[in-house]
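K.L.:
If you read the protein sequences in the order shown, they are chains H and B. The numbering used here puts the first residue of the first sequence at 669, with every later residue one more than the last. The numbering used here puts the first residue of the second sequence at 669, with every later residue one more than the last.
There could be a bad hint or two in this list.
The list treats identical chains as interchangeable, and a pair is accepted whether it falls inside one copy or across any two copies.
To be verified - Quick list of in silico lysine-lysine cross-link-like pairs, BS3-like style, CA-CA up to 30 Å:
1) K920 x K789
2) K920 x K846
3) K718 x K920
4) K765 x K970
5) K920 x K765
6) K841 x K744
7) K823 x K789
For the record, the hints were derived by calculation from the structure and aren't laboratory data.
Number of protein chains: 2
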Amino acid sequence: MANQSLQLVLVTEDPYNAETPLSALLNEVTPLDLVYVRDHFDIPQLDATKWSLDVNGAVEKPFSISYAELQALETKTLAVTLECAGNGRIQMDPLPKGTPWGYGAVSIVEFTGTPLFNVLKMAGISDRAVEVLFRGADRGEVEPGRNEWFARSLKIDMALNSDTLLVWEMNGKPLTPKHGHPMRLVVPGWYGMASVKWLTQVTLLTEPFSGFFQNEHYVYLDDEGTREGDPVQHIRTRSLIVSPVDGAVLSKGELDVIEGIAWSGYGPIAQVDVSVDRGDSWLEAELVPPSYPHGVQRWRFKWSSQTPGRHTVLSRATDALGNLQPASQRWNRLGYGNNGPHVVVVSIQ
Amino acid sequence: MANQSLQLVLVTEDPYNAETPLSALLNEVTPLDLVYVRDHFDIPQLDATKWSLDVNGAVEKPFSISYAELQALETKTLAVTLECAGNGRIQMDPLPKGTPWGYGAVSIVEFTGTPLFNVLKMAGISDRAVEVLFRGADRGEVEPGRNEWFARSLKIDMALNSDTLLVWEMNGKPLTPKHGHPMRLVVPGWYGMASVKWLTQVTLLTEPFSGFFQNEHYVYLDDEGTREGDPVQHIRTRSLIVSPVDGAVLSKGELDVIEGIAWSGYGPIAQVDVSVDRGDSWLEAELVPPSYPHGVQRWRFKWSSQTPGRHTVLSRATDALGNLQPASQRWNRLGYGNNGPHVVVVSIQ
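Just chain H, same shape as in the assembly (with noise of 0.2 Å):
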C-alpha cells in the first residue's frame, strides 16, 4: 500500500494530539510517521546519553539503570495494538468533553524492548509491594493551579507479565520525542494510558496508586458523575470498517468487498459480523491471517447486495472470550472506552 500522500490527521496544536489516517491501518504495521500520538502536556526533550531509570520504593535494592545498560538486557519485539481510551469520542451521544478522537487514535507498532520483570527482580521486590508506580517526565496545569506528573500503576502481576515491556524502539528505529524517548512502558492489551512515556521513576507501592490520572482521570463516570467499577484499563473488543470510507459515493460494483480491522485486549478476535442493512441482519466476515496476540485482526467481506442508494454499514466483533461488541456507542461522562459499533454511510450510485 502506497503511503506517501497520508499523514497524521491534527486533533489539537497545544497539547500535540493526531489521529493515524484509517486507510493507514491495512497494513500489517503502521508506518512510523502515521502512528497516533497522544500527549497530556508539552512533549519532553531528553537525552538518552544523560538519562536514567530509577527503581525505588518498595525493595530491597533501590538502583538507576542507564539507557546502554537497559538496552544489554534480554531483548523481546512484540506487535501490539496500542489504542487511545478516548478513541471513537466524538460518536458519543451527548458529546463528551475530552480530546475529540475520532477513529484513528489506534495504532499497531512493532516495539523492541526488554520485559519489565528483567528490572523488577535486579531491585527485588519486597513481600509488601502491591502496585508498581510508573511516572513520565511529562508534568503540567490538569486545572487552575494544579501541577501533576503523568503517572500511572499496575498490579504487580500484570507488572510481572512479560509481555508488559520497558521499550526503546518502534518498528526498529529509536523511540522519537513524542512517542517517548528515550524510554517508554507497554503494557499490551490495555488503553494507551497505561503505556507511560518519557519514563522516568519505577517506584514499587504498598498502597493502591490514587494520583489523578488514575482515580480522576481514565476513569469510567456515570450520569452523575459517580465512579464504575475500576479505572480504565484493558482494551474493548472492537472493529473498524478501513475500505470503504464513511461517506463515500460509489458505482454499483466499484467496490465489492468491505474490508477492516478488529482487536480487543483480552483476547484474539474470533468472529466479525457485517450489516449493510443497519443491523437488521449480520453476515460473518472472512478473518485474512496472520493474527498476532496484540495485534489486529485483518478481515474482508464480500457485499454482493449491492443497491442504488444509501447503506449504513456496520461491523462488530467477537473476542475469544465472547466478548461482543455492543449495538450502541459506550456513552461515559469522560468518552471512555467507547467500543460501539462503525458506522459507514455509502451511496451506491
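Put chain B on the given structure of chain H with help from the hints.
P.N.:
Just chain B now, kept in the frame of chain H:
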C-alpha cells in the same frame, strides 16, 4: 447561490426517497428539483383532468370536487418548512430501522392552494365528527400479506386551521408526480407524514382514526416498544449548520462565519446558540431576517477563536415558546422526531 451542480441525494430507489443537499437550504425557498422526496410506495400517476376529491363521512352533503373547481376557490400561498419525521435518523444510536435519512429530509417550499375549511364548509360538518381522515392514492404492502393505503387524520380544529391547505402548486409550478400531483394536503408545523400526497378522499370520522400510518407507524416507541404520547405530529425545534460542511478542512480564517437554519413547528425561532468547544460554552448567533411564520430562520455566527486542529461545532435553537433542542439525539425505536444537536466536525490547518 448557484445550484447548477447540486442534485437530490438518493436514499432509497424503491420506493424512491431522496434528500435535499444541505447547501441548498441557504436559499430562502428550496429550488423545486432539490426538494426532498419521501415515498412509501410506488408513485401514483394521476391525470388532473380525471381526478376529483371525494368529501364524505359525517357530513351533511357528501360531494366530489374537480381539480378546476378547487382552483377556482380562494387561493393562499405560504412558505412552509416541510420536514420528514425521520430526518436525522442516521445519527441516532443505536441506529433505528427505517429509511436512513441524514439531515436533508427538510425543505422550504412555497405552496399555493386553498384552505381546507373552504371545502369542509361546502360539505357541512356533522356535530358528531371528531376527526378528518385524508387518504392518498398510494397503497402497498406494509408487512408480508398486508396492504394499506397511506392515510392520516387530523382533529377537527387542526383541519379547520386557516393554514391547513389543499395544495396544487409548489414554488409557482403545478405539483410534480413525486410531490403529490395533482393535489396534496399541507399541514404547516407538522412533520411531513401529515401532508398527505395524491389526495383522493377526505372523510369526516366520528371515532379517532387508528390506521397503520397513525397507530403503528409514525408513533414514538420506547426501548420496550411501548408507545409514548400522541402519534408523531409537530415538528420539534431544530437547527442545522449548513456552512461549513461536516468534515471540512479549512485554513485558519478561510471561513470565519458559521451559517445555518433553524425552525420549529410550535412557533418562530427566538434564539440560536453555537458552541465550538463540544458544548462547553455557547454563544448567541445572529438571526438573519426575514422570518416567516412557517419558514426557516437563517442565522450566522462569527467564529473568531479558530485554532489549528479538529473542532466540533454544535448549534441549538430555542423557539418563542421556550422549546430548546435537547443536548443529545432523541432516541426512539422507530427513529422519529430526532432533534438532537447537529454536530459538524471541522479541521483547521
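K.L.:
Compare the structure with each hint and give your call.
P.N.:
Checked hints:
1. K920 x K789: Close neither inside one copy (61 Å) nor across copies (53 Å); limit 30 Å.
2. K920 x K846: This pair counts as between: shortest inter-copy Cα distance 25 Å, intra-copy 43 Å.
3. K718 x K920: neither (60 Å within a copy, 40 Å between copies)
4. K765 x K970: between (38 Å within a copy, 23 Å between copies)
5. K920 x K765: Intra 40 Å, inter 23 Å, cutoff 30 Å: inter-copy only.
6. K841 x K744: Only inside one copy: K841 and K744 sit 14 Å apart there, 75 Å across copies, limit 30 Å.
7. K823 x K789: within (15 Å within a copy, 81 Å between copies)
When the structure is compared with the earlier hints, violations turn up for hints 1, 3 and for no others.
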